[in-house]
Amino acid sequence: MNVTLNWLKTYIDFEFSAIELADRLTMLGIEVESIKELGTALKGVVVGKVNSIRPHPNADKLVLCQVDIGEEDALQIVCGAPNAREGMFAPVATIGTDLPIGISIKRTKLRGEESHGMLCSEKELGISDDATGLMELSSDIPIGIGFTDALGLDDTIFELEITPNRPDCLSLIGVAREIRAETGNEIKLPDVNLQEDDSDIREITSVTIDASDLCPRYAARVIRGVKIGESPDWLKQRLESVGIGVINNIVDVTNFVLMEYGQPLHAFDYNKLGEKRIVVRRAAAGEQITTLDEEERKLTPDMLVIADATKPVALAGIMGGYETEITGTTRDVLLESANFDPSSVRATAKALGLNTEASYRFERGVDPETVIPAIDRATQLIVELTGGTVCEGIIDVYPGKCELLQIHLRPKRVNFILGTELEADEIRQILSRLGFGVDTLQQQDNIYQVTVPTFRRDITREIDLIEEIARVHGYDNIPTSLPKGDIPIPTTNTLDEVRRRIKHYLLGSGMMEAINYSFCHPNCFDKIRLAGDNPLRDALKLQNPLSPEMSILRTTLLPSLLENAQHNHNHQIDNIALFELSTVFLNGNEPARIAGILAGEIGGGVYGNPHQSPDFFDIKGIVEGALETCGVMDWTFAKTDASTFHPGRNAEVLLGDQRIGILGEAHPEVLDNYELPYKAYLFELDLEKLAAVADFSKRFEPIPVYPSVLRDLAIVVDQDMPSDLPIDIIYSTGGDLVESVRLFDVYVGDQVQEGKKSLAYTLTYHSATETLTDKEVNDLHDKVVKRLNQELGAELRM
Amino acid sequence: MKAELEAIQVAAQEALKDVKTAEALESLRIEYFGRRGKLTDVMKGMGQLSKDERPVIGKLANEVRASLTDAFEATKNALDCKHQEQQLITESVDITLPGRKPAYGKAHPVMQTLERIESIFTQMGFQVVTGPEVETEHYNFDALNTPPDHPARDLHDTFYLTDGHLLRTHTSPVQIRAMENQKPPVRIIVPGKAYRVDYDVSHTPMFHQVEGLLVDKHVTFSELKGVLVSFARQMFGDQTRMRFRPHFFPFTEPSAEADITCTVCQGKGCRSCGHTGWIEILGAGAVDPEVFRAVNYDLEEVTGFAFGMGVERIANLQFRIPDIRTFYENDLRFLRQF
Chain A
150 MNVTLNWLKT YIDFEFSAIE LADRLTMLGI EVESIKELGT ALKGVVVGKV NSIRPHPNAD
210 KLVLCQVDIG EEDALQIVCG APNAREGMFA PVATIGTDLP IGISIKRTKL RGEESHGMLC
270 SEKELGISDD ATGLMELSSD IPIGIGFTDA LGLDDTIFEL EITPNRPDCL SLIGVAREIR
330 AETGNEIKLP DVNLQEDDSD IREITSVTID ASDLCPRYAA RVIRGVKIGE SPDWLKQRLE
390 SVGIGVINNI VDVTNFVLME YGQPLHAFDY NKLGEKRIVV RRAAAGEQIT TLDEEERKLT
450 PDMLVIADAT KPVALAGIMG GYETEITGTT RDVLLESANF DPSSVRATAK ALGLNTEASY
510 RFERGVDPET VIPAIDRATQ LIVELTGGTV CEGIIDVYPG KCELLQIHLR PKRVNFILGT
570 ELEADEIRQI LSRLGFGVDT LQQQDNIYQV TVPTFRRDIT REIDLIEEIA RVHGYDNIPT
630 SLPKGDIPIP TTNTLDEVRR RIKHYLLGSG MMEAINYSFC HPNCFDKIRL AGDNPLRDAL
690 KLQNPLSPEM SILRTTLLPS LLENAQHNHN HQIDNIALFE LSTVFLNGNE PARIAGILAG
750 EIGGGVYGNP HQSPDFFDIK GIVEGALETC GVMDWTFAKT DASTFHPGRN AEVLLGDQRI
810 GILGEAHPEV LDNYELPYKA YLFELDLEKL AAVADFSKRF EPIPVYPSVL RDLAIVVDQD
870 MPSDLPIDII YSTGGDLVES VRLFDVYVGD QVQEGKKSLA YTLTYHSATE TLTDKEVNDL
930 HDKVVKRLNQ ELGAELRM
Chain B
289 MKAELEAIQV AAQEALKDVK TAEALESLRI EYFGRRGKLT DVMKGMGQLS KDERPVIGKL
349 ANEVRASLTD AFEATKNALD CKHQEQQLIT ESVDITLPGR KPAYGKAHPV MQTLERIESI
409 FTQMGFQVVT GPEVETEHYN FDALNTPPDH PARDLHDTFY LTDGHLLRTH TSPVQIRAME
469 NQKPPVRIIV PGKAYRVDYD VSHTPMFHQV EGLLVDKHVT FSELKGVLVS FARQMFGDQT
529 RMRFRPHFFP FTEPSAEADI TCTVCQGKGC RSCGHTGWIE ILGAGAVDPE VFRAVNYDLE
589 EVTGFAFGMG VERIANLQFR IPDIRTFYEN DLRFLRQF
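Heads up: the protein sequence lines correspond to chains A and B, in order.
Taken in order, the first sequence gives residues 150 to 947; the numbers are from the numbering used here.
Taken in order, the second sequence gives residues 289 to 626; the numbers are from the numbering used here.
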């Protein structure tokens, strides 16, 4: 909401500068989001009088004006405006002025005639879109004074953020009350002194409330004989300064009083009301109304309307009807000032997608006690501005009048909650300045009975009063201290530890951490070639997604990482090594996953460390290392038929029978779907399953005392034999004496028979109890070779 | 003979000065110490000396030999050194060739910030807990004193799922879950993802929050200030000042927003802080009694405070990324910067 400094000052005196005021309001909880100085851009524009006009010798459409701006010599100004005439008062932009629309005024010659400034239209001054001619000023303004001074445009606009609990601050008087809390100065309410005529309102209209649960109060006045026209400058300026459009003198008054009191008002054309009376009721099924914005709206029976004898004429608390609106021919006005149930207004506004200044306030709650001061103030202004007369009396139906709320406040509790040492008297003073009534209930226990003013409907409990006290005392004046209580005993969490260790391991292995949105496109399952019945397709759908790309919740991290690869490839970044740690959304649970991708090139790509294409064994090695960091040892890999992957280059990671993850080379079609021109290797692990078997305990193993003996062994076997078969046999043959077996070469080619491959291992023999002799090692090694030959048909390769 | 020895010594010393190579040194050594060497010849002549002269001249001869041996040794060492230096020069590398950096990854910048926040609070005794991202209206709103038609719900544009489920709009529901499972004292922080329907340069539909909650027999607003001021100093530097402004959250009362002195201008006022010198970083307040009621805590017996902060916002105070959506593109040129 916008308010201005000058306007605020009409309701309360204060000495603050604009900056100080903004600071005070902010520290009271009304955040000032911006401060805008009005009028500073128009310095250099003064009021001038056109003394004489003569034709321009060289141009038909231009004239030469002699303009008095209160200096010794009149200025010659070349002007093309059709309404320029002698004796006219108009704004003059003097030499050196930079107008807000981007014109800089310089001494210049127009068709050979000197021009010493510019006579301006409203558009040229940036105050309206009117460019039809010069802006005409009243001739009683002193010549030569600043244009903004003359029109009272020098002001400061504050844009305020009013929190939802403070609808009472959605008005100038409401903000003034906050300034009262700060300064103690009294509020100056507008003087209202209505001269009613002698026709009784009760004889010409009536108000019936058929839905008193939704309308606690409805008041009406009738003003007759109004002349609809433009509002005077002061009123237009006030409204324009806070960003409200100007319409006509009646509507402008209702908007003005809305800003002043926070009470939405509505003016009906009295003569267009059926039977000239008001019924407040729920809409009938099938009823419709065309609202002021000329939209036809279908109503439902839970919506509250203002109706005449037959039809709805307004959406209660939201917007008036088109048929009964004030027009140029309106003679008599029925003015409404009412109070509506917040939930009902909110529901209707939401259902119709219609948010207005009125609904904004009613949704948050308006003080029912403002109904009468606001309608009287508006009536008085309408009478003053339109020449109408007001009927005697007011109709005020008030079924929802409430008792004033009283709350017990323990000053001790205030200090207990805040950690302050406020005196009871300070607390009383703060509450009084906020408009609360404070009585002592029990002297000995020092409990206050606090009466809540009707405009503070947000205050219902002792804790609410404590916040008020804290706010006005100043949060900055509350001391700071550190918690004194016990620190709860922390518990450990294996999943967090698994997450932390794997993340550190992957970072150490050169992969970058990615974070992706939890959303994805439903077509991502097709893109990774999941079978139609794959349970991963069972994703949660958002009811109100931002876009199809963000319309379901992911069940796997792989599509996001493939998209990341695609994004990077599209930006010529081709050394892709990314991982992501996140939960996914599956079967009503949120299991934790870690997934990674290697694609394009790995290696530094520099001299001596060239790029390499990753392969299956790079991703496999990463997964093996990840498992090791979690203390998991006896995993196995098995081929799967997972359709996301190359059928011959994928594996699931098994712990016993349990699958804890999958890895492999993306299927060529998947690569195509993500427009990747190179192979990509993926893994995804289930962190909960990993956490269930993780073992972080470590036990010291003695460092070997006796020397090891190394022997290389190259064998030729069938090409399709898994390379871990020989290793199992070596271990089982050598028992404790085989410390390790390392595969260092795999060869297929001219040097071996077709259909065969050569596997080369380095075996490390070692005994924990003695130094092995050459003979012992040789015998053992021969035994190994023999068993390999017997069981696998392996031939030694020479 | 004495004179002869002295002459040899002087001549050899002189000759050594001119030796430039190992070969020259060797031939000089042969010239003096070889089988026919000058010094060897003199030594051979010792037998002809008288008994009286022999020990005197013998002593002198030994001295000359020792000193020359040392001089030859020194010259040899000097030549070796020089030779090695020359050898090393030929082994020079082009030091402008690139170093071979071992591959190393980097945590995502949002995670780096989150981990820093976590570590500051865990040092103050807060325990890290997490909770589900798909939530119910009850945990996300109702139990946090935000009933269905409360205008505060407008502040959170919510992603809805089916069956009354939604994506949590903040990490605050975990407060409720933690209090349901635990008696006071509670001292937790809740890092995690949250979601709101919002997508522009300063908003992403998914973002990260850290929620904090401390509940005990007598927790004051003053302690809330203490904890957060301490956090701000550790996070943003000792010179950081923090101010608390009244604000509104349905689940805290009194509620506050906390600002820190602008990290760009140190509070002098600049464009980043809208010339106020302050930058908002978090929301906080004393736990509203209605929240305690929702978890069956005794409203008179316990008090507490809660706070919540946006991790991207805090990260960006340091990184100053003009469009925070960049965080989630995972462009490697971006990720490598942090």
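Just so you know, these hints were derived from the structure itself, not from any lab.
Hints are not guaranteed to be accurate.
Said to hold, decoys possible - The list that follows gives simulated cross-link-like pairs (lysine-lysine, DSS-like), each with its CA atoms no further than 25 Å apart: (1) B:Lys-347 x A:Lys-633; (2) A:Lys-255 x A:Lys-210; (3) A:Lys-838 x B:Lys-505; (4) A:Lys-561 x B:Lys-305; (5) A:Lys-255 x A:Lys-192; (6) A:Lys-210 x A:Lys-192; (7) A:Lys-932 x A:Lys-788; (8) A:Lys-828 x B:Lys-556; (9) B:Lys-471 x A:Lys-633; (10) B:Lys-290 x B:Lys-326; (11) A:Lys-185 x B:Lys-556; (12) B:Lys-481 x A:Lys-690; (13) B:Lys-339 x B:Lys-305; (14) B:Lys-389 x A:Lys-769; (15) A:Lys-769 x B:Lys-471.
Claimed, not checked - Some residues of chain A that are not near chain B, with every Cβ distance over 12 Å (derived): (16) Lys-499; (17) Gly-586; (18) Arg-798.
A virtual CB, placed ideally from N, CA and C, is assigned to each residue, including glycine.
Index of numbered hints that the structure contradicts, given in increasing order: Of the numbered hints, 1, 3, 4, 6, 7, 8, 13, 15, 16 do not hold.
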